[in-house]
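Under the numbering used here, the sequence shown has 262 at position 80, and the numbering climbs by one with no breaks.
Just so you know, these hints were derived from the structure itself, not from any lab. Heads up, the beta-carbon is just placed ideally off N, CA and C, and yes, glycines get one too. Hints are supplied without guarantee of correctness; some may be wrong.
When the alpha-carbon atoms are kept at most 25 Å apart in a straight line, the in silico BS3-like pairs for lysine-lysine are as follows [stated by the list, open to error]:
| hint | residue 1 | residue 2 |
| --- | --- | --- |
| 1 | 246 | 221 |
| 2 | 197 | 246 |
| 3 | 259 | 218 |
| 4 | 221 | 259 |
Derived Cβ-Cβ restraints for the label pairs, each shown as a range [unchecked claim]:
| hint | residue 1 | residue 2 | range |
| --- | --- | --- | --- |
| 5 | 260 | 192 | 30 to 38 Å |
| 6 | 221 | 254 | 15 to 23 Å |
| 7 | 189 | 232 | 32 to 40 Å |
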Amino acid sequence: MRNEQITPATVTELKDALVSKLDGCGYTYFQGDIRKGGKYVHVRYYFLGVNIYIQITYWQDGLKTAIGHASTCRSAKGAVNKIAKFLNLQA
183 MRNEQITPAT
193 VTELKDALVS
203 KLDGCGYTYF
213 QGDIRKGGKY
223 VHVRYYFLGV
233 NIYIQITYWQ
243 DGLKTAIGHA
253 STCRSAKGAV
263 NKIAKFLNLQ
273 A
């Protein structure tokens, strides 16, 4: 996995970055920052046994600590929904 930074303008662009085109429910294993304006999230994957988890940490420019607690999702769809809500992305 490599760290990347993207700045999606829509939920569709965000979904394209996180969900595999091959089967519609797989993962591209995107790891890095997703930004919009002064807000961004850091996304990373980790495995426990055979299960994959997506950890999302919420940040804002100018702050030294994360905003609230990190979220954990078990699906790319759940991660897309949480990230889109935080960054206020439109469909």
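Hint by hint, here is what the structure shows:
| no. | hint | in the structure |
| --- | --- | --- |
| 1 | 246 <-> 221 | holds (13 Å) |
| 2 | 197 <-> 246 | violated (28 Å) |
| 3 | 259 <-> 218 | holds (19 Å) |
| 4 | 221 <-> 259 | holds (20 Å) |
| 5 | 260 <-> 192: 30 to 38 Å | violated (18 Å) |
| 6 | 221 <-> 254: 15 to 23 Å | holds (19 Å) |
| 7 | 189 <-> 232: 32 to 40 Å | holds (33 Å) |
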